[in-house]
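**Student:** Sequential numbering of the sequence shown, starting at 126, is according to this note's numbering.
Derived from the structure by calculation, the hints contain no laboratory data.
C-beta atoms are modelled at their ideal positions from N, C-alpha and C, and glycine is treated no differently.
There's no promise every hint is true.
Restraint ranges, calculated between C-beta atoms of paired labels, are given here [unchecked claim]:
id : residue 1 : residue 2 : range
1  : 258       : 426       : 21 to 29 Å
2  : 459       : 135       : 21 to 29 Å
3  : 290       : 218       : 27 to 35 Å
4  : 277       : 430       : 36 to 44 Å
5  : 432       : 243       : 50 to 58 Å
6  : 458       : 425       : 16 to 24 Å
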Amino acid sequence: MTVPLSSSLHRIGVVGGGAWGTALALAALRAGRDTLLWAREPAVVEAMGMRRENRDYLPGVPLPDALRVTGDLADLGGCDAVLLVSPAQHARTVAAQMAPHLAAGAPVVVCAKGIELDSHALMSEAVAAALPAGTPVAILSGPTFAAEVARGLPTAVTLACGDEALGAALVAALGSRTFRPYRSDDVIGSQVGGAVKNVLAIACGVVEGRRLGDNARAALITRGLAEITRLALALGGRPETLMGLSGLGDLTLTCSSLQSRNMSLGAALGEGRALADILAARRSVAEGVYTAAAVVGLAARLGVDMPICAAVDAILNRGAGLDETIDGLLSRPFRGEGV
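Produce the complete structure using the sequences and hints provided.
**Tutor:** Put into structure tokens, the structure is as follows:
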């Protein structure tokens, strides 16, 4: 395949009409790209097209007239690159639906953070399996709240791609003064950091809701980073990646603010609310709810010890009580910090 130059990546398609997809479409517009945003729900398409606002997922953020909105995946045929922003557990299905409409050789940048529940596949693996053979796949990850990206506040992300030239072209196409991609070739490490931090954010939310203190949250972030690193290394990722934006950066953001959907969900659990009630009151997806079981299953297959993630999975999916699970973590044997 001939790698496209950044100047040829002018028409950007964004697949996913939630808050993050809308924010990325606005970022692409600011980078000077001709941008098309696809949304599944007709009401969302109509609201964005007519009212120039995504009231359901990103209220209060005006959408420029230059942003084209569609509900037809066939319109992606005119795009030079596509950002796939569907929720992680639906990414494979959406990739298969858009596959017939992609221009030959157009790269797909996966912007969902998670691990597939049934297969334990990383997003790059799940999406590549659904796309035409040879379709280039890259990963966009890092510490991002959609509302801040949408408003044009300074943000730095990781753009991971195994092809150096294509990675550089994507960085040049999407980067701007306030949206700053940093290129990496560690596709595995970048994805593990983005997926597991959602599970750990739920744990930090429980700490917040149970009023266990900032010391406990700092301990969870630090020991959680050790869990992320162990899993990434077992899959072939590099430890230095987890010290960057898609690892430590994303973990710190998501575990330190109730803007995080995952941390706020954990906080509600910590306050005693039932998971079903929390989910029923939300339109947006907290990826960690679904990734928890996938992470634990993948870790078991690889023989990787991830006690915090296992505790979150036990609370979410196995009926474990909060206090008994917390006691279980606090009763673990003492060990060396590097273990």
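**Student:** Hints numbered earlier in the text: which of these fail when held up against the supplied structure?
**Tutor:** 2 and 5
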